[in-house]
Every structure is written in structure tokens, then in C-alpha cells.
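Colleague: Use the sequences and the hints to build the structure in full.
There are 2 protein chains.
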Amino acid sequence: MNDRLSVNVNGSFAYDITYNKGFDDLTSFLSKYDPESGKKVCVVSDSKVASFYLDAILRIIEKHCRKAVSFVFPEGEPSKNLNVVQQLYTKLIEEHFDRRDLLIALGGGVVGDLTGFTAATYLRGIDFIQVPTSLLADVDSSIGGKTGVDFDSYKNMVGAFHMPKLVFINIDTMDTLDMRQFNSGMAEVIKSALIRNKDFFDYLKTNSDLLKSRDKEALGEMIYQCNIIKKNVVEIDPTEKKERALLNLGHTLGHAIEKYMNFEMLHGECVFIGTVMAGIISKNKGLITKEDLNSIVEVISKYDVPKLPSDLDYHKIIMYTKNDKKVIGNKIKFILLNSIGEGIISTDVNDEDMLLSIEEYMNNYN
Amino acid sequence: MNDRLSVNVNGSFAYDITYNKGFDDLTSFLSKYDPESGKKVCVVSDSKVASFYLDAILRIIEKHCRKAVSFVFPEGEPSKNLNVVQQLYTKLIEEHFDRRDLLIALGGGVVGDLTGFTAATYLRGIDFIQVPTSLLADVDSSIGGKTGVDFDSYKNMVGAFHMPKLVFINIDTMDTLDMRQFNSGMAEVIKSALIRNKDFFDYLKTNSDLLKSRDKEALGEMIYQCNIIKKNVVEIDPTEKKERALLNLGHTLGHAIEKYMNFEMLHGECVFIGTVMAGIISKNKGLITKEDLNSIVEVISKYDVPKLPSDLDYHKIIMYTKNDKKVIGNKIKFILLNSIGEGIISTDVNDEDMLLSIEEYMNNYN
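Residue numbers (the numbering used here), protein chains in the order written: chain A, 2 to 367; chain B, 2 to 367.
These aren't lab readings, by the way, just hints derived from the structure by calculation.
Errors might be hidden in some of the hints.
For lysine-lysine, the following DSS-like pairs were computed, each having C-alpha atoms within a straight-line distance of at most 25 Å [unchecked claim]:
no.	chain 1	residue 1	chain 2	residue 2
1	A	Lys92	B	Lys232
2	A	Lys68	B	Lys332
3	A	Lys92	B	Lys323
4	A	Lys334	B	Lys68
5	B	Lys332	A	Lys64
6	A	Lys33	B	Lys242
7	B	Lys243	B	Lys232
8	B	Lys242	A	Lys166
9	A	Lys242	B	Lys166
10	A	Lys243	B	Lys317
11	B	Lys334	A	Lys92
12	A	Lys323	B	Lys68
13	A	Lys68	B	Lys334
14	B	Lys308	A	Lys323
15	A	Lys33	B	Lys166
16	A	Lys317	B	Lys166
17	B	Lys323	A	Lys68
18	B	Lys242	A	Lys68
19	A	Lys92	B	Lys332
20	A	Lys243	B	Lys323
21	A	Lys33	B	Lys243
22	A	Lys242	B	Lys68
23	B	Lys92	A	Lys334
24	B	Lys323	A	Lys242
Residues from chain B that face chain A, not an exhaustive set, calculated with beta carbons under 8 Å [said to hold, decoys possible]:
no.	residue
25	Phe30
26	Pro79
27	Leu83
28	Tyr90
29	Thr91
30	Ile94
31	Leu124
32	Asp153
33	Met158
34	Ala161
35	Phe162
Just so you know, even glycine gets a beta-carbon here, dropped at the ideal spot from N, CA and C.
Modeller: Right, dumping it as C-alpha cells:
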């Protein structure tokens, strides 16, 4: 298994991503981070993840820090809001957390984003570490310092850039991931390959059975390859001025669909669909071939993408893309594929292009 | 009048503070900032300041940007909360504000802090400029990128560091400041002199009548001198790890009193009292002389510091210092004076020291 990957921000070391089996190796980080055992630590998790791992993590932390407390909220995207953030602020105030103390995000993307945003804004910023427990968090949301919550049903409308002190990946957490969550995480994996690395895309195509059986070696290598892609992109562009936007392949229409479906579909499921639609637009604009598109659909179709309702209101979805953060002066920064393995940022995608892609998706791939 | 002062962050230019009569010179900034007139601008203000200046500012902005809108909230510290921030998010979403657009904080410290925090967190951060209209904002809160709101009656508990693109000081706004607000602003002026510049303290002592008559030249020079002190401190320590804590002279007990009085006293009024108490502790620890303390009290007493109630609950005030952000691992980072013009950070101030200072204040100076 790979040991670690270091992520820089503005040319200086910011944090490590470490690859582990079990949680025991958290000790080596905590011993260095808090050698005098003077810090308080709050583990933030959701109801589902907490039932699997909270006790194990708390037992390790208690040995190394002054005090370990926890904050658990109901699982699911609807919890990712400012009300839950405010409940967490209140908990931290009650426990007298100060600027030296630490939050640990134990969970998937929702937990990581919400915990990171709270850490970014409590007392104008305290430290936090990411302990992702979902594939999506392992490969995407835990890395790069994007934090935030949803607001008024707009995804990640409120947030901040705040780097973690460590991303601690425990490959064993893949065991407790249900199939739908696992498949959803694969959306970001396939997206990463599509924008940056054709060889990796071919690897995903060839090894899909091994990956679906959750072979730890294969998953470990896959997560590591994804992390390298994400690391390279965020190091060039830590605050998403340009390059980092590539990571949004499939996300403009994906987010709109997620909203249209009232967040009843998983993020990754919507990204799968958004990625195919971005592929359709790329094909319609002559950037990739019909065969490329088929190849993308072939890989994606292994992961049980749910059907969209047949009475889908195409125009409403287009409307929902308008308040996306990727809109720049009324022009959407849309990520297209110049080829498999090369994403590009386009401001030439209009409503008609999107409408046609939704239509083609519904007719051929739903 | 001085023209401008440039503030660096991490060694690079971050923003200018410019000194102006009237708002007309905002044009020169806007013409450079938005040469294609492609941006939307939202002016955020409170009900009182808006009645004086909102129309004038909007007329100027409308000429230079794509769209100018405004958001006005009820004046006063109680508005500085997450509910008002959320109303502003909603306004920005309704007006389709994206990452390229701009907020302008037109007002005192409450407006600047709340607008800055909204700018720091809307879409993970958009630009904002500070147009301070109170003395306190001119000399202190508009500079340095500290933003935030109160939470659960704790001051500035939630916030972020987010630098403005410009601080536009219009000295004419001093005309519309009521006496109590003006006096309150003088607390931060005197504090700045006390921690860093004895000559400036002597200037304040000698010229108090001229300053109280709001002579524009004298005020302009005073604001400029304060800005130099603040600029130097925040450039050394942009995120208040160390040096910047000096600016908190008078603030540990000041904030506690502000909270004890249910925010019915102004921030500066409480800082005056907190500064005298910090002076008393400095004297009791043998750092400054009784004459130094008298000199501090003499200058401060020119600015109508309100009386604290005679039945003051000393212990409750001590309790309120405990959740202050300046607490580090249960030890308060208390700012003392080593001499007039030299603040120091002390972790040796205990509850007894604070109790005695409150008692001495109530007996001799209230």
C-alpha cells in the first residue's frame, strides 16, 4: 500500500494524505500534533458512520489529547446546513473550545464539508483533520480544502477554503459502505480519470470487476491515483480560479439534477448523469467521437446509475444551473472533454446545448 | 491630506487605504476594478448610515458597474448575527450574484464585519470593499481583514480572515457621527497610541480640544497615524497568531463588560473601561507608574465614558472573559502596558488580578 502523498498550497507544504488499514496510525499524527496533550478534540460525525467507528476513534484520541468529545448529526445531505453548523458552534462554546483545539471530520462528504466550514469560521478558523469513510470523500471531497454547506437548497452556496491538517484514509472503511454509496463514489473516480489520465480510465475499464468486489489492493491503488490527480489540480489552483474548475466535470448539470430531485439521488449518481451529458455535449461539439462517448457510458453503466423520471422538466433543470457557482457573469463555465483524459473549460455551452444533451440522454441512456 | 497607505499580506500588496473628501473618488477605483462594467455591486449598510449616504454611493456605482443593488439592515450590534447574514445571502442569490461580483460595506464596524463575513463565505469568497463611516471603523475594524458576527451573545465568535480590495475613508462622514459614536471611536485611537507610539499618545493629549471639535485636518492626521500602527501590526501577523493580539488592549474585560451590559453600551465605551482596567493591572504588576495610569485616565476622561452600575457583579464579568477568543488553553492572553507606547502580551493575568482591577476602577474612576 502507498504510504503518503503531500499536498502543497502556494508552494509550501500544507498537509499529508496518509493511507492506512484501521485507525491505529492516527496516533503517530496526534503525538506530533499535540505532544503536550494540551488540546481538546471534537469528533464530528453522522449517525450512521458514528455507529461504526466513533468509539474506536474516541478511544485512540483520548490517549493523546486533553479531552475528546463528539458531535453527531443525522446522516444525509439535508443535514448539511447552517442550522447544524450552529448546533456545532454551540457545542464547541459549551466545551470551551479555543483557537488551539481541533475538529476531526469522521465521515463522508457531508461530514467533511460541514466540519471543515465550522473549523474555517469558529473563532475565525481552527484546525481540523479529515478522516473520510466514503469512497467519494477518499477521492474527492476530503482533499483540497473546499468546505461549505447548502443554503436555501443551493449546493455549497456558503463556504470557505480551509485546508485540513491531515487527510487520514482508512481503506478498511470501504467494508461498511453500502453498494449505492460505493457506486456513487465511483462517479468522482471516473470523472478524475476522464479529465486527466487516459491510462487510468483504461485501468478502470479493465479492472471494473475487481474494483466492484472491493479488492483492497485495487481500491488502494485507485484512490491513490485519484488523489494524485486531485493534488496536482488543487496545487496549481487552490481557490478554483481556473484549472481546478476541471474537477467540476459533470457537476453543472449534475448539481441541477440533484436539486431537481430534491437531493433524493446521491451526489455521485447525479455526477454520473451529468458526466454523460457533458460527454454528449463534447461529442455534439465535435470534440470527442461517438465511440469515446460509448466508452464512457460503458464504464459508467457498471455502477447502477438510477433512472431519471420520464416526465423530467428539462427547462427547470436548465434554470437550476443558473445559480450554480460555476456561472461567471451569466456565462456558465462548463467542463467538456477534448478527449478521454483531457478536460477543458468552456464558456461556449448555452441553454440549447444543455437541452439537447438532456434530451439525448433521456432518449438513449436513461 | 494624506493620499494612501498600502497594506501587504504575506509580503505582497493586498489593498490600499485611501483618504478622501466625499465619495467621488470611488470612481477611480471602480474604473480600474471593473473596466468593462461587467460586475454587479451590492452596497450593504445599516438603516442610519443608509439614510445619509446610500443614494450618493449608488449614484456613483451605477455609472461604473453593470448593476447596483443595496441591502439595508437595522442599525446596531444586535443585527450582527447569522440571521442577517442569511438574509444577505438570499438577496445575493435572488440577484444572481456570482464569484466575480462585489460587496461594498458602507457603515461602521457592524456593517463592515458582517459584510466582510458574508463576502468571505458566499460562494466560498467574493470581493468586498470597506467604506467606513464611523471613527471606529476608520481606525480599526475596516483594516486587517478580520470579519465576523456575534453568536449566542458571544462577540465575533463566528468569522473569517478575508481582506478587502480597498478601504475608502471619507473624512466628511465624521460630520454625521453623533457625539457618543465619535467618543467611542476614540477608544481605539487611544488604544493604538498606548500599545505602539508614545509621541502619538502625547499628540492626542495635547490636541484633544481640536480633535473634539472635529477639525478635519487634525482628524485626518489622527486616522492616518492609527492606520500606520494597525497596518504595521497586521502586516507582521495577519491572522492574529501573536503580535496582532496587542490590538486587543482593553478588549478582554471590555468585551466581558459589553456582554454584561447586554450590548447597551457601545464597543468603544467598554474598551475605554477595559483599557483603564488593563492600565490598573499593569500598574499593580509594577510595569507602569501611578502617574502613567493617571495620564491614561486623563486622556480617556475627555470622552464621556459612561458610568457602570454600582451593583456590578464582578464575578459575572470574570466569567464572561472565559469564552473570549483570547483564551488560550484556559490561559487568557491579556494585553498589558510595559510603558505608555509599548503593549505586551501576558499570560500571567489571573482572575484575582482582574477582580482587583475592577474593584479599583469602580472605587476610583467610575
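Colleague: Now look at each hint and say whether the structure bears it out.
Modeller: Status of the hints after comparison with the structure:
1. Restraint check for Lys92/A and Lys232/B: the C-alpha separation of about 35 Å exceeds 25 Å, so the hint is violated.
2. For the proposed pair Lys68/A and Lys332/B, the alpha carbon gap of about 16 Å is at most 25 Å, so the pair holds.
3. With a C-alpha separation of about 15 Å, the suggested pairing of Lys92/A with Lys323/B holds against the 25 Å cut-off.
4. For the given pair, Lys334/A sits about 21 Å from Lys68/B by alpha-carbon distance, which is consistent with the 25 Å threshold.
5. The hinted pair formed by Lys332/B and Lys64/A meets the criterion: a straight-line CA distance of about 23 Å does not exceed 25 Å.
6. At most 25 Å may separate the alpha-carbon atoms for a hinted pair to count; Lys33/A and Lys242/B meet this at roughly 20 Å.
7. Between Lys243/B and Lys232/B the CA atoms are separated by roughly 15 Å; this keeps the pair inside 25 Å, and the hint holds.
8. Proximity of Lys242/B to Lys166/A is assessed by CA-CA distance (about 17 Å); at most 25 Å being required, the pair is judged to hold.
9. Proximity of Lys242/A to Lys166/B is assessed by CA-CA distance (about 17 Å); at most 25 Å being required, the pair is judged to hold.
10. With a C-alpha separation of about 52 Å, the suggested pair Lys243/A and Lys317/B falls outside the 25 Å cut-off, and the hint is violated.
11. Of the pairs offered as hints, the one joining Lys334/B and Lys92/A holds, with about 23 Å between alpha carbons and a cut-off of 25 Å not exceeded.
12. For the given pair, Lys323/A sits about 18 Å from Lys68/B by alpha-carbon distance, which is consistent with the 25 Å threshold.
13. Distance check on the hinted pair: Lys68/A and Lys334/B sit about 21 Å apart at the alpha-carbon level, within 25 Å; holds.
14. About 55 Å separates the Cα atoms of Lys308/B and Lys323/A, which puts this hinted pair outside 25 Å; it is violated.
15. Taking the CA atoms of Lys33/A and Lys166/B, the gap is about 38 Å. The hint is violated against a cut of 25 Å.
16. A threshold of 25 Å between alpha carbons decides the hint, and for Lys317/A with Lys166/B the separation of about 37 Å lies outside it, so the pair is violated.
17. Annotation: proposed proximity of Lys323/B to Lys68/A holds, straight-line Cα distance about 18 Å (limit 25 Å).
18. Between Lys242/B and Lys68/A the alpha-carbon distance is near 23 Å, which keeps this suggested pair within the 25 Å criterion.
19. Between the alpha carbons of Lys92/A and Lys332/B the distance comes to roughly 20 Å, so the proposed pair stays at or under 25 Å and holds.
20. The straight-line distance between the Cα atoms of Lys243/A and Lys323/B is roughly 44 Å, outside the 25 Å bound, and the hint therefore fails.
21. For the hint pairing Lys33/A with Lys243/B, the CA-to-CA distance comes to about 22 Å; that is within 25 Å, so the pair holds.
22. The straight-line distance between the Cα atoms of Lys242/A and Lys68/B is roughly 23 Å, inside the 25 Å bound, and the hint therefore holds.
23. Taken as a hint, the Lys92/B and Lys334/A pair is honoured in the structure, with Cα atoms around 23 Å apart against an allowance of 25 Å.
24. For the proposed pair Lys323/B and Lys242/A, the alpha carbon gap of about 40 Å is over 25 Å, so the pair is violated.
25. Against a cut-off of 8 Å between C-beta atoms, the interface hint on Phe30/B is violated, since the closest Cβ of chain A lies about 20 Å away.
26. Here the hint on Pro79/B is broken, as its CB sits about 17 Å from the closest CB of chain A, past 8 Å.
27. At a threshold of 8 Å, the smallest CB-CB gap from Leu83/B to chain A is about 7 Å, leaving the interface hint in force.
28. A cut of 8 Å between beta carbons decides the hint on Tyr90/B: the least distance to chain A is about 6 Å, and the hint holds.
29. Look at Thr91/B: its Cβ gets to within about 6 Å of chain A, closer than 8 Å, so that hint holds up.
30. Annotation: interface hint on Ile94/B holds; nearest CB of chain A at approximately 6 Å, less than 8 Å.
31. For Leu124/B, the shortest C-beta to C-beta distance to chain A is roughly 5 Å, which falls under 8 Å, so the interface hint holds.
32. Taking 8 Å as the C-beta cut-off, the interface hint given for Asp153/B holds, the closest approach to chain A being about 6 Å.
33. Because the closest C-beta pair between Met158/B and chain A is about 7 Å apart, less than 8 Å, the hint holds.
34. Using the Cβ-Cβ criterion of 8 Å, the hint placing Ala161/B at the interface with chain A is satisfied: the shortest such distance is roughly 6 Å.
35. Interface restraint check: Phe162/B against chain A, minimum CB-CB distance 6 Å, threshold 8 Å, status holds.
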